[in-house]
Amino acid sequence: MVNLASTALPEEICPPALVQGPTEFNQVTEIVAGVAERKPPRAWYIAFTIALSLLGTLGCCLAYLFWEGVGVWGNNQPVAWGWPIVNFVFWVGIGHAGTLISAVLFLFRQNWRTSINRFAEAMTIFAVMCAGLFPGIHVGRPWFAYWLFPLPNQMDMWPNFRSPLVWDLFAVGTYATVSLLFWYIGMIPDLATFRDRSVTKIRKVLYGIFSLGWTGSNRAWHRYEKAYLLLAALATPLVLSVHSVVSFDFATAQLPGWHTTIFPPYFVAGAIFSGFGMVITLMVPARQLFGLKDLVTMRHLENMCKVIMATGMMVGYAYGMEFFISWYSGNPYEGFVFINRAFGNYYWAYWIMVSCNVIFPQLFWFKKIRRNVWAMWIIAVLVNVGMWFERFVITVSSLSRDFLPGSWHYFKPTIIDILTFAGSFGLFFTLFLLFCRYLPVIAISEIKNVMPEAHPGHHGEEGE
Amino acid sequence: MSNNQKLYGALAEFDNVDSIVAAAKECRDRGFRKWDVHTPFPVHGMDDAMGVRPTILPWLVLIGGFAGLSIAVLMQWWMNAVDYPFKISGKPFFGLPAATPVAFELTVLIASLTAVFGMLALNGLPKWFNPLFRVKRFSRACNDRFYIVVEGTDGTFDAKETPAFLESLGAIAVETVPLPDESEKLPAGVVRFAWVFTSLVLLPPALLYAARNSTSSTPRVHLVPNMDFQAKYKTQTASPLFEDGRAMRLDPSGTVARGELDFHGSFMTGKEDNGDWVTELPVPATLATMERGRERFDIYCATCHGYAGRGDGPIHQRASQLALSGQAIWVTPTNLTEQRIVDQPFGQVVNSITEGINTMPGYRQQIPAKDRWAIAYYLRALQHAQK
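Respectively, the protein sequence lines represent chains R and G. This note's numbering applies: residue 580 is where the first sequence begins, and numbers increase by one. This note's numbering applies: residue 386 is where the second sequence begins, and numbers increase by one.
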């Protein structure tokens, strides 16, 4: 076949092929299934050990928290929303790239998504699980967390649906469910591929159960594709709604610095920004370790860098606009809060946020940097750092300087705060490494679908 | 025909997209009904080639979406406006703006669940038992080969002719698929496991239900004693820390709350120095005072005494319901339109608000003195209006 990448045409006219190298369907299967069938590289074991010990740390922190109560954290009046909420928003934000790549890029027929969507969807699910953890433990007595749900109870009480915290529960719950369904139904055909290649009994049985007896029947494909399209159409407004609703938690409060209408779009842009940051952070080492460079090409990484740069500028615009509005509104409290953010007691957090989110991504204007895996990895990690600090700045700087100067207070995290947050990375990476080890990391059937051989009538074009 | 019943069908293998699409067209034109094409990925144009009719799935999803929307709106309205109405921040019990986020999310949720489970149901999945899985050749169906399967139950199927026809379409291999003589039922071990698993899952909720509906003489179990018994002093408890042995501290003597500095004794308490009630209103008897009084009354008094002052406010209504089932002890709020109250001078009403009376607590801290007089003034109008 013709490998378009090897021709001399300029890229604007003829972009490099999405799949470089494998030309036979079987080869795609071999590459992806090989990841789950071969013994993983040593780096996987090292990473898994680290992830498991962090997960253990999380377990210990949670046990201590449940035993002692939320006093083990640095949360105290007036900063009652400390790290747990910062971490919640951080993880939910990361969880946005997956569904965005799966749904929005699918609707826009951006075929380059096929190599990275499975990966990003898995990341979404695990990030949303980490996110769900924090409000659950932040309620103080986590065994009463079921009070959040509209369940009949002996107190004859129902949740207050006029509260954004209840909206949040529905938004994040729906998002987690729909993302999981999206991820799972995308995986069914690939699990069937794994099933058919299984050698050991246990693999055959487990992949067999989860592939639901998929045979690649065209009548099934017909409904499957329709269901996938419908899910994408439903998930697209959903992905925009989730972080909007998260932002309502802040925006419906009267606190200066929170009570702004720019929050929903600003949060959504930030979420996509941080999500893509995390995809690059994970994808760059994974494609190296598992030999996926033919499927996840430089073009994929470059596209993601461009998305990061675009959303980074949107976030930068929002930072600027917040300042403008606080001045333009003439509200002295708003004015104080924003001056305090940039030059007050948490100035260092503010400037970490601005440099990581607005300044460093500007380096992606240079093609050399967009194509250098080391540079892009470092910038992606900085984006993650910057986005964590964004949530920290919003939550903590506003609360620590509330209406009464008498109650002002400088928030400091405790060691348990820090270990719990580090432990949530343990949960995330443990699940992620298990996913890389046992599940199809790349959507096999979708990749085959974008190969030239998959289209009737492609024969005879060879040798052009 | 008897030969056909032992066969599941005939299987033809193809090795590229073009030949499978061409072959599918031939099969369609030959008029097979029970047949299918198996490919490792959805092949463009195959639906036309096979003559697959559009699925009804989008309609199901539309119905699911409407169901989600209706459930969400009805649920929020019924829970917050009907079954358990409570005022918060002066918001209406039910309003579309506040109901929108949950309505949107449930619409998407139910529609998505319909899309996924509707797709699986229409496809007859999960179907873990399939005679095709017994064919070794078929194991490449999800990898790199393409298959046509004509089932034995198709009216035009013939054990000899059909495979020959498939062969003529350019298949690289054709074979007949026997019906396995195994049972389609799940293995006994799996069924047993499912029963045990289901019972174990149902056990905790059953125990919870039993515990909720019975009484016990043993004290409740404290799973997390540190959280249940916290090292802190509560109100009305003793503390060795202070000389008077009380955990609660009194205000230092001479403390005056903001705005409560008592320059004019009778203005604060409604009582003259000689102990008589104040009878003249010490605030201007204007419409503005009346409006202020109405506003404050509706905020502070109406929750128990009712907007018309008849002692039937929302707290009273709910508390007396709870009292009926023995869940609360409740003393009915005074009907402020009774002659006994109508006869009270302004000063006595203000004094009741300030100091509290019977089971009603004093509102000295919550309502500034000027507003207490405004309330008394408004109450007089309320009583007159209902004579």
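Note that these hints are calculated values from the structure, not bench results. Predicted, not measured: the structure shown is a model, and the values here were computed from it. Treat the hints with caution; some may be incorrect.
Dumping the calculated BS3-like pairs for lysine-lysine here, alpha-carbon to alpha-carbon at most 30 angstroms [said to hold, decoys possible]:
| hint | chain 1 | residue 1 | chain 2 | residue 2 |
| --- | --- | --- | --- | --- |
| 1 | G | 512 | G | 391 |
| 2 | R | 780 | G | 391 |
| 3 | G | 410 | G | 512 |
| 4 | R | 805 | G | 410 |
| 5 | G | 570 | G | 410 |
| 6 | G | 419 | R | 805 |
| 7 | G | 410 | R | 783 |
| 8 | G | 521 | R | 780 |
| 9 | R | 780 | G | 512 |
| 10 | G | 419 | G | 512 |
| 11 | G | 619 | G | 391 |
| 12 | G | 391 | R | 783 |
| 13 | G | 521 | G | 656 |
| 14 | G | 570 | R | 780 |
| 15 | G | 521 | G | 419 |
| 16 | G | 656 | R | 991 |
| 17 | R | 947 | R | 885 |
| 18 | G | 512 | G | 476 |
| 19 | G | 656 | G | 476 |
| 20 | G | 419 | G | 570 |
| 21 | R | 783 | G | 755 |
| 22 | R | 946 | R | 872 |
| 23 | R | 885 | R | 872 |
| 24 | G | 410 | G | 391 |
| 25 | R | 783 | G | 512 |
| 26 | R | 805 | G | 512 |
| 27 | R | 783 | R | 618 |
| 28 | R | 783 | G | 570 |
| 29 | R | 780 | R | 618 |
| 30 | G | 617 | R | 991 |
| 31 | R | 946 | R | 618 |
| 32 | G | 521 | R | 618 |
Some chain R residues close to chain G (C-beta under 8 angstroms, calculated; not the full set) [claimed, not checked]:
| hint | residue |
| --- | --- |
| 33 | 798 |
| 34 | 833 |
| 35 | 834 |
| 36 | 1028 |
| 37 | 1035 |
Yeah, the Cβ is synthetic: ideal placement off N, Cα and C, and Gly gets one too.
Query - Numbers of the earlier hints that this structure fails to satisfy, in rising order - result: 5, 7, 11, 13, 16, 18, 19, 21, 31, 34 and 35
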